[in-house]
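Please put together the full structure from these sequences, using the hints given.
Each chain, written out:
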Amino acid sequence: MGFKSQPMTNVVETPDKGSLFTPEIRARIDKWIVKYPEGWQQSAVMPALRIVQEENGGWLTTELMDDVAAYLDMPAIAVYEVATFYSMYELKPVGRHKICVCTNVSCMINGSDGIRGHLEKKLGITFGQVTEDGKFSMKEVECLGACGGAPMMQIGKEYYENLTPDEVDRILDGLE
Amino acid sequence: MSEQLVTIEIDGREVKAKAGAMLIDVADEAGIHIPRFCYHKKLSVSANCRMCLVEVEKVPRPLPACATPVNDGMKVKTQSPLAVTAQQGTMEFLLINHPLDCPICDQGGECELQDVAVGYGSDVCRYVEGKRVVADKNIGPLVATDLTRCIQCTRCVRFGAEIAGVRELGATGRGEHMQIGTYIEKSVDSELSGNIIDVCPVGSLTSKPFRFRARAWELVQRDAVAPHDSMGSNVHLHLRNGEIMRVVPKENEAVNECWLSDRDRYSYQGIYSEDRLTKPLVKKDGEWQEVDWKEALEAAANGLKAAAGGDGDQLAALVSPNSTQEEIWLAKKLLQGMGSDNIDYRLRQGDFRPGQPDRPWLGMAIAELEELDAVLIIGANPRQDQPLLGHRLRKAAMKGATITYINPLQLVLNYRSSQWVTTPAGMLEELAAVGKGLNLRRGIIAQTKAEDRHKALAASLKEAGKAAVLLGPMALAHPDASMIWGLADAVAESSGATLGLLPEAANSTGAGMICEAENNGKVRELLENPRKGYLLCNLEPSLDLHDPALAGKAFDKAEFVVALSAFRGDSLDAAADVQLPLATFGETSGTFVNAAGDWQSFAGAAKPLGEARPGWKILRVLGNVLEISGFDQDDCGQVLAEIEESLAGRKPENKVKVDVNEERWMPAEGMARIGDVPIYAADPLVRRASALQETVHHVEAAVRINAETAKGLGLEEGGQALVSQGDGQATLPVVIDETVPANCARVQSALAGTEKLGAAFGAVTLTKA
Ligand code: SF4
Ligand code: FES
Ligand code: FES
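Respectively, the protein sequence lines represent chains A and B. Counting in our numbering, the first sequence runs from 1 upward without gaps. Counting in our numbering, the second sequence runs from 1001 upward without gaps.
The hints are simulated quantities; they were obtained by calculation from the structure and are not laboratory data. All the pointers check out, no bait thrown in.
Pairwise CB distance ranges (calculated): (1) B:Arg-1126 with A:Pro-15: 51 to 59 Å; (2) B:Ala-1648 with A:Val-12: 47 to 55 Å; (3) A:Val-12 with B:Pro-1060: 45 to 53 Å; (4) A:Pro-23 with B:Gln-1720: 39 to 47 Å; (5) A:Thr-62 with B:Gly-1108: 34 to 42 Å.
Here chain A is said to cover these stretches of chain B; the calculated rule only asks that three of the stretch's residues, wherever they fall, bring their Cβ under 8 Å from a Cβ of chain A: (6) 1178-1190; (7) 1409-1423.
We treat Cβ as the ideally placed atom computed from N, Cα and C, and that holds for glycine.
Below, the structure is given as structure tokens:
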């Protein structure tokens, strides 16, 4: 009777789901819900958090996590657990462009420290911070599976590999 | 397949086990100890701590015994070099982040981590780097957190999900950053929350009221039975120098399993509350004066004798159903010795018409509740009234039972159920309609219409392997309780379901057996026709009676009122002429009969405070002073033997003889009061338990109505309403509450501010104040 084998759905389903999010966001989440068996809507928690985060400028507030919980009829704490476990969810505001710098082994050997130092000097922030204009934030990440192009970073949905300080300047200057 | 037996070998011993059983269970059964942290027999297996690693022949690596099913011919070694190395390795890793603060840790001396470290750890620590620190969280007044000590076994999280049925605690973050908590600042509010202290193997979760008050090895352990609800949970009292320092569950699979409700765990604080009555008091010229026992007993005896004036019927005894069998028995004997049969324990009952069961009970063993397939529950809120009976019902629901409630309130439940919420008067119609669904025609059943849901429920009760129809405290407090019994009996009989009661108090069932309610007094009559002398046992007139206004008047009129009480309170001060200090739970020996009719005796453990004395002794000596024969018992056991002899093996039974066509006393129209009893207001002891009173379950008197009803009356949240009932009135704050049906006002009983009001369930009027 573990709570892994049974969906831990709330006893009382949320009555007015129509008041949560926007119709567009709901439609996007619903697409994921139907992929799972009936009663297992909580299985869609990860895509739901991703969608909601995307629509909120890249980060999740407690209120938004509560709304996701209500929408999926699951306990709020179970949503907090997921959101704090995975590093792709942001629980504090981020910049318009979130620069994820890999500092794991391959990238470290190939000079990720220098990339990090260059970014810090250029932007005046370090990991976990946002530039004053809200344009950039920096985040340290573990191996993104692109060791062949180390050192590397990810901004938005793009990977940028074989970085040098000049290359970094060129990339950042090209961003809106 | 699951019944198939296999033979395995553990440490060279041959052991028979069910195929598929987990190795750790099989070893436990055989008395072979395997260390563990995350495994708990009542929780799902999570296999995250790796402390239970053992060697299994032909498997190259050690396996976790808690997650390894046994199969035939398996050879297990729990102490081989491989197993021991694995256990030592695990222990070393577990201790990396665990602080060495045992000297200031409340768990010290009773800590699974300490024990296992001594037994299975290595003796040197190679780790010299920094340890992680986790900020403590405030999760409410009952449980203290020291999360740096957490070993992340997740027992507390699984307890919430699987037993308490509410996910409040969680494990947030990952790896090194994983933390137990609520993430947001929030208290843990389950009525079973204290059990996380017991399941936590380390000192990460400990009892807040007990914190830093005693060390485990200073405590003496005594057994007792919890004094609140009708579960009769078995407990251990932990005492130091004769004072109860804390209460923990004593395992009894047939009753409370290994759990305890928060009410039973923390109510001991009430014993030492400031208004504890510790000296006999006599009212002289309207002033209370402390006197010695002799004077008090003589005053009590003379007062009662004078009040009776030779007419026994002028005396009545009202005893709380939280009193022991021995107390109730001696009170009855005392009255009989003075020529009176007027004794009753049904303090919160709303209807005394004949035909209701004389000695009502659950109708089954407690463990049978979880085997039920279909249950109809009328007028009950088990999570509030008997939390662990509620837990058994939840277990039934999790196994697939259909549970239906007919209540004047929407309950917050921790399992799926159908809740039919209606006015108090409407409850009868709903129940009658189920009868109609069973093709019954008698009485008011004929006039109701069975809708599909009634028919479906009727069919499910009929078709279920095991079904029950259960009444709760709100059904008994209903002005038409006898009709509810009658209808419930009709439904149960024709569907083949068992009829039962979820009794409210620790000794309701036992009290029923002694008082033989049908033949003896009936609280309402004893108050409506005031008697000249009253004996009150373990109750507060304004809080523990169905109709405090009526009670107040009766005691005002009475010539003499003797109260046995553990506490002082305004209403008792006003009502009584003599107050005799009563020993409480833990201080007195006695017997409670729980819902299932189990007789459970216990000995006194703590020293009664001040001059307080056990109730059975007080009554016995009072009997001596009154020169009534049969009051020379030397100990509680003799009283018990007398009771057993007199009951001659008589058992509780739910025999109902009600014509379901009686006059209805609950008006169908107009505003109805719903006067249920809040969880931590149920009896004098729990009302004084300070930590429980700081929880979210503490309530102040208020008028709870739904938004629509409020609008119709021109009332709003935060405003004041004048509540009138008969000639009693109270001005109370308005709370908008959508769990209350239209045209009803939930004005809970047993709360200060409601003492001038009348019956817990009945007609009321509300106006803007
Ligand atoms: S707080 Fe206690 S029960 Fe909960 S995970 Fe930590 S060690 Fe286990
Ligand atoms: S180490 Fe940087 S991508 Fe793998
Ligand atoms: S007890 Fe088996 S892994 Fe924890």
